[in-house]
Each structure stands twice: as structure tokens, then as C-alpha cells.
Amino acid sequence: MSTALQSNEVAALAHQAAKLRMRVIQMSHRAKSAHLASSLSCCDIVTAAYWDVCRIDPAKPTDPFRDRFILSKGHAATALYTALAFRGFFPEALLDTYCKDGGMLAEHPPARLLPGVEAATGSLGHGLPIGVGMALAGRMRGETFRVYALLSDGENNEGSVWESAMFAAAQKLENVCVIIDYNKWQATARSNETLQLAPLRDKWAAFGWDAHEIDGHDIGTVASTMRNVPNGSGKPVALIAHTVKGKGVSFMEDDNNWHYRAPTEEEVGKARVELGLA
Amino acid sequence: MRNAFADEITKLGDSDPRLVLLSGDIGNRLFDKFRAAHPSRFYNAGVAEQNMTGVAAGMALSGMRPITYTITPFVTTRCLEQIRTDICYHDVPVIVVAVGAGLSYAGLGPTHHACEDIAFMRALPNMKVVCPGDAFEVRAALRGALQQDKPVYIRMGKRGEPKVHNAVPAGFEIGRALVVEDGSDVCLLSNGTMLPEVQHAAATLRERGLSTQVVSFHTVKPLDTDFLRDAMAQFRLVATIEEHSLIGGFGAAVAEWLIDNQVQPKRLLRFGTPDAFFKKSGEQEYAREQLGLDAKHIAARVLASLG
Numbered sequence: 001m002s003t004a005l006q007s008n009e010v011a012a013l014a015h016q017a018a019k020l021r022m023r024v025i026q027m028s029h030r031a032k033s034a035h036l037a038s039s040l041s042c043c044d045i046v047t048a049a050y051w052d053v054c055r056i057d058p059a060k061p062t063d064p065f066r067d068r069f070i071l072s073k074g075h076a077a078t079a080l081y082t083a084l085a086f087r088g089f090f091p092e093a094l095l096d097t098y099c100k101d102g103g104m105l106a107e108h109p110p111a112r113l114l115p116g117v118e119a120a121t122g123s124l125g126h127g128l129p130i131g132v133g134m135a136l137a138g139r140m141r142g143e144t145f146r147v148y149a150l151l152s153d154g155e156n157n158e159g160s161v162w163e164s165a166m167f168a169a170a171q172k173l174e175n176v177c178v179i180i181d182y183n184k185w186q187a188t189a190r191s192n193e194t195l196q197l198a199p200l201r202d203k204w205a206a207f208g209w210d211a212h213e214i215d216g217h218d219i220g221t222v223a224s225t226m227r228n229v230p231n232g233s234g235k236p237v238a239l240i241a242h243t244v245k246g247k248g249v250s251f252m253e254d255d256n257n258w259h260y261r262a263p264t265e266e267e268v269g270k271a272r273v274e275l276g277l278a
Numbered sequence: 001m002r003n004a005f006a007d008e009i010t011k012l013g014d015s016d017p018r019l020v021l022l023s024g025d026i027g028n029r030l031f032d033k034f035r036a037a038h039p040s041r042f043y044n045a046g047v048a049e050q051n052m053t054g055v056a057a058g059m060a061l062s063g064m065r066p067i068t069y070t071i072t073p074f075v076t077t078r079c080l081e082q083i084r085t086d087i088c089y090h091d092v093p094v095i096v097v098a099v100g101a102g103l104s105y106a107g108l109g110p111t112h113h114a115c116e117d118i119a120f121m122r123a124l125p126n127m128k129v130v131c132p133g134d135a136f137e138v139r140a141a142l143r144g145a146l147q148q149d150k151p152v153y154i155r156m157g158k159r160g161e162p163k164v165h166n167a168v169p170a171g172f173e174i175g176r177a178l179v180v181e182d183g184s185d186v187c188l189l190s191n192g193t194m195l196p197e198v199q200h201a202a203a204t205l206r207e208r209g210l211s212t213q214v215v216s217f218h219t220v221k222p223l224d225t226d227f228l229r230d231a232m233a234q235f236r237l238v239a240t241i242e243e244h245s246l247i248g249g250f251g252a253a254v255a256e257w258l259i260d261n262q263v264q265p266k267r268l269l270r271f272g273t274p275d276a277f278f279k280k281s282g283e284q285e286y287a288r289e290q291l292g293l294d295a296k297h298i299a300a301r302v303l304a305s306l307g
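As you go down the protein sequences, you meet chains A and B in turn. Position 226 (the first sequence) corresponds to 226 in this note's numbering; numbering is contiguous. Position 245 (the second sequence) corresponds to 245 in this note's numbering; numbering is contiguous.
The hints are simulated quantities; they were obtained by calculation from the structure and are not laboratory data. All values derive from a computational prediction rather than experimental measurement. For every residue, glycine included, the Cβ atom is placed at its ideal position computed from N, Cα and C. Any given hint could turn out to be false.
Estimated spans, in silico, between C-beta atoms of each pair [what the hints assert, rightly or not]:
no., chain 1, residue 1, chain 2, residue 2, range
1, A, N228, B, V168, 46 to 54 Å
2, A, K60, B, K266, 56 to 64 Å
3, B, D25, A, R112, 24 to 32 Å
4, A, N228, B, A170, 34 to 42 Å
5, A, P64, B, Q262, 48 to 56 Å
6, B, G107, A, L94, 53 to 61 Å
7, B, R176, A, K32, 46 to 54 Å
Can you make the complete structure from the sequences, with help from the hints?
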């Protein structure tokens with residue numbers, strides 16, 4: 001079901017993802033903000049979306065025909081802000097105002113304030129219904145675009161996600177794609193020990209979606225499966241992306257303390273080395 | 001009111017291709033004409049109000065003008081956070097339409113009563129709160145709401161209420177009180193579904209020699225403060241009457257405005273439901289009578305207050 005990427009394309013995306021991670025780590029350090037590990041686990045997905053998959057033009061952020069990428073897991077805002085700035089939706093200098101008094105970049109993405117932010121998220125379980133509404137509007141208006149909604153695994157706790165899953169399936173919204181950043185942790189515990197998600201792919205399939213499990217850090221596979229939406233199944237597409245929370249920095253990986261911890265100056269330096277950007 | 005709603009949106013849908021109707025699995029056959037005329041713009045969103053509301057916000061963010069519709073508690077309280085965050089925070093033009101305001105569905109029990117929704121809705125930034133007084137006001141409210149390009153909450157009764165107007169009132173404007181009957185001693189500010197009942201109360205007061213004005217004070221937010229200022233100065237007694245809790249509703253909005261602006265009414269009475277669930281079985285007429293919201297009780301309390 002995939003349109004494979006060339007190896008040089010994959011290498012370029014991987015390098016971009018590393019730069020994204022580095023900036024995300026710096027932002028968390030400077031602002032002493034939480035959710036660093038949640039941002040790191042989805043950097044490959046966000047990079048694939050913004051540098052390969054989505055038909056978007058930073059010069060025309062409200063083009064009705066653009067693909068929509070919704071960061072439903074709004075607590076990973078640093079990954080979104082960095083991607084939008086690097087892609088030219090707004091100046092990179094704005095990233096330095098993250099969490100500063102009087103700024104526009106709060107810890108969760110704001111509503112109708114920053115170019116490229118499609119929806120204000122932060123309360124979980126909201127991004128998918130909004131995205132489904134966008135997709136239906138596109139269908140009614142004859143605007144063919146795709147909607148990608150990135151959800152956290154903990155977000156699958158919310159009933160509204162499943163309401164929306166059933167509705168999108170009934171509406172046969174084959175241009176909607178959910179990507180689940182399945183890093184196996186939620187804020188304070190293992191996801192599956194909190195509310196049982198497993199078998200998550202089967203759940204989404206049972207709800208009427210064309211559901212696939214992928215390696216969420218194999219950026220070539222992430223991009224090619226996301227490219228391939230709609231995929232001919234006639235169903236909305238769910239990608240259960242297996243990820244590692246804190247991915248990219250060895251001492252953060254799969255350590256849930258980094259859901260809330262911010263790195264020190266020294267840790268930022270170590271991360272830079274590990275990301276190959278020193 | 002609901003039949004007028006169904007008819008009016010069908011007509012509005014003819015002229016505005018952005019209008020979309022989302023129903024929370026109610027209104028069996030009610031929307032047949034809308035569905036026939038606009039098949040691609042009707043969605044039965046199922047018994048899933050959180051999703052319905054988020055979907056509506058997403059549609060509005062992509063250029064449509066959606067209306068969400070179901071029974072009052074389910075289209076407001078059940079999905080309150082979606083209304084707050086998806087609609088109001090994004091400040092998008094979704095019209096939330098509730099059927100069964102106040103005690104309209106008294107017989108269905110407290111799960112279906114709606115005496116807190118105005119309080120919830122008017123607390124939300126960007127939200128306008130409109131409570132039409134009869135079927136013609138429902139039509140006017142819908143037309144007005146579509147012109148707002150903003151979130152609007154419309155709170156309707158059910159079906160078969162007495163008509164107060166003979167046609168869509170020309171003077172109806174969201175945010176402006178509408179004088180229905182003129183008077184000079186007592187001013188009865190009626191909110192929403194109470195209007196016919198208030199007219200009966202006014203008739204009793206007139207029989208007792210009190211010149212009584214009846215106002216359809218349909219918009220709770222924004223409040224028509226010009227009207228209120230004049231009314232407080234002019235009338236011996238002003239009363240707010242609503243089929244809603246005294247906590248956070250229309251009367252509360254008026255009282256807050258009075259205090260915040262140091263306006264001194266000569267005499268102000270607030271009529272509404274108490275801070276309690278109404279647990280007895282029985283229809284709307286019975287519930288109103290039990291709670292002092294029928295014409296007889298309203299008139300009696302006004303007369304007693306004036307001595």
C-alpha cells in the first residue's frame with residue numbers, strides 16, 4: 001500500500017527530524033516546559049507530514065484546498081511550532097518567544113492566531129472530530145484535501161475519539177487519516193495499565209477503519225503510508241505508529257519522568273551530540 | 001417552535017449553500033423537507049454529541065455554517081467542553097439549537113429538563129444566547145444568527161406553543177428587547193418560552209388596574225442594557241421571568257448588570273426555577289404551577305409586591 005521513498009529522501013527527512021528534535025529540546029530547556037518526551041516521540045511523524053506528505057504552501061496557509069494536519073495531542077506543541085517555523089509559516093525568531101509573557105506560543109497551540117495551526121488543541125479528544133468536520137466540509141464544497149490527525153495513545157482514553165471514529169467510518173471518509181503516536185506511556189503511567197488499549201489496531205479496524213501498524217520512527221514508511229491516503233480501501237485510515245517516548249536521546253527514551261522534566265544546559269549538549277548535530 | 005425551526009432552516013438552506021444541519025438522532029421525519037432539498041447537507045450525527053459539536057466546529061473552520069440540534073441537555077451540557085473549546089475558543093459560526101427549553105419536557109423527567117443551560121452558555125466567551133418567545137421569533141432568531149458569523153445558542157421550546165406574533169416580528173433583532181404589549185406601571189420581561197404565560201399574567205394585572213408592559217427579552221447575551229436602564233427608571237415594578245434556574249440565568253444577568261452599574265430599580269422581582277431538580281411526574285403546565293411560574297402565581301406575586 002505504499003509509495004516508497006528514495007533512500008536520499010529518507011536520509012533528508014531523518015536529518016530534518018533530528019533538527020526538529022534539537023530545537024524542541026532547546027525550547028523545553030529555555031521555557032522549563034513539560035511534555036518534552038511527548039514531542040520527541042512524534043518528531044518523525046510531524047517531519048514526514050510537513051516535509052513530505054502534506055500539500056501545503058506556507059505562503060497560503062488558508063488555501064481551501066490545502067491538506068490539514070491537526071496536532072490533536074496538543075501537548076506536543078513544540079514539535080508543531082518548530083515544524084511550522086522551519087517550513088516558513090512564521091519566522092523562526094518567534095520560537096524564542098515560546099512561553100514568554102505576552103507571546104503567541106503558549107504550551108498548547110492557540111486558536112486562529114498562528115498561521116498553519118489548524119485547530120487549538122490541548123484538551124484531548126478534540127482534534128479528530130474537528131478534522132472530520134473539515135473533511136466533510138471539503139466533500140460538500142468539492143475541495144479535495146486530506147486530513148491528518150495525530151493522536152497520542154493516552155488520548156484514546158477519550159470517548160469522543162471513538163464517537164468520531166464511528167462517525168467517520170459511517171461517512172466513509174477515506175481522506176481522513178489518524179496517526180496514533182503509540183509510545184506506550186501516558187502522563188503518569190503505562191497506557192495499557194491505565195485503560196487497556198491493546199489490541200489497538202484491532203480496535204480501530206473493528207470501528208471501521210483501514211488500520212495498520214507501522215514503526216513510527218521509520219520515517220520512510222511513515223511518509224509513504226501517509227502519502228497513500230486515500231488508499232483505495234474506501235475507509236478512513238488509522239496508522240498505529242509504534243514509537244518510543246523521548247525518542248532520539250538515550251537518557252530520555254522510555255523514561256516517563258521526561259513527560260514533565262525539562263533538560264539542563266548540560267543535557268541539551270549531550271542531546272545535541274546524540275542527535276548528530278554537534 | 002420546532003416545526004418552525006425545521007421549516008425555516010429548509011428555506012434558509014435554499015439561499016445559503018453553507019448551511020448544514022447536524023441532528024443528534026432526533027426529529028424523526030421533522031427534517032424530511034430539509035433532507036429532500038439538501039441531501040448532502042444533513043447529517044444524523046447519532047447519539048454522540050461531543051463528536052457532533054466538534055464536527056460542526058471543523059465544518060465552520062472550513063467555511064460552512066453548521067447547526068447542531070438535539071434536546072437541550074444533550075446539545076449543551078453533554079458536550080459543553082466542545083462548545084467552549086471547539087466553537088467558542090475558535091470563535092466560529094456554529095449555531096447550537098436546543099429543543100425542549102426549561103420544563104418543556106417536564107414529563108420526561110429531570111434528565112430531560114433544562115434549567116441550567118443559559119447559565120452554562122452565557123458564561124462562554126464569544127457566545128450569544130437567544131431564547132425566542134414563539135415560533136415566529138424562532139424564525140427571526142435563526143435569520144439573525146446566520147448573519148452573526150459568530151457562535152450563537154438558540155433555546156427553543158417544543159412544538160405547538162401558542163403563537164404570540166402574527167408574523168415574523170419586524171423589530172426582532174438579536175440583542176434588542178422586543179416590546180410585545182405596551183404599558184406604563186409594570187414591566188414584565190419575559191425570556192423565551194414563558195412569553196404566552198406572561199401575556200396571561202399581564203391580562204390579570206390589567207384587570208386589576210395596572211398598566212402592564214410585556215417584553216420578549218429573548219437575548220440574554222448580549223443584554224439590552226439600554227432597554228433595562230430605561231425600564232428601571234420608568235416602571236414601578238420590573239420582573240424577569242424565565243423557565244430556568246434563578247442561578248446564572250436571565251434574571252441573574254439582569255441583577256449582575258444592576259449591581260455592576262449601580263442602577264437602582266424601584267422594585268425588581270425575579271421569577272425562575274429553584275435550585276432543585278423537579279422530581280414529580282407531570283407535564284409542563286403542572287410543573288410551572290408547582291414552581292410558581294404560571295400566570296396566576298406570577299400575577300399574584302406582582303400584586304403582593306405592590307401591596
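### Task
Tell me, in ascending order, the numbers of any earlier hints that this structure violates.
4
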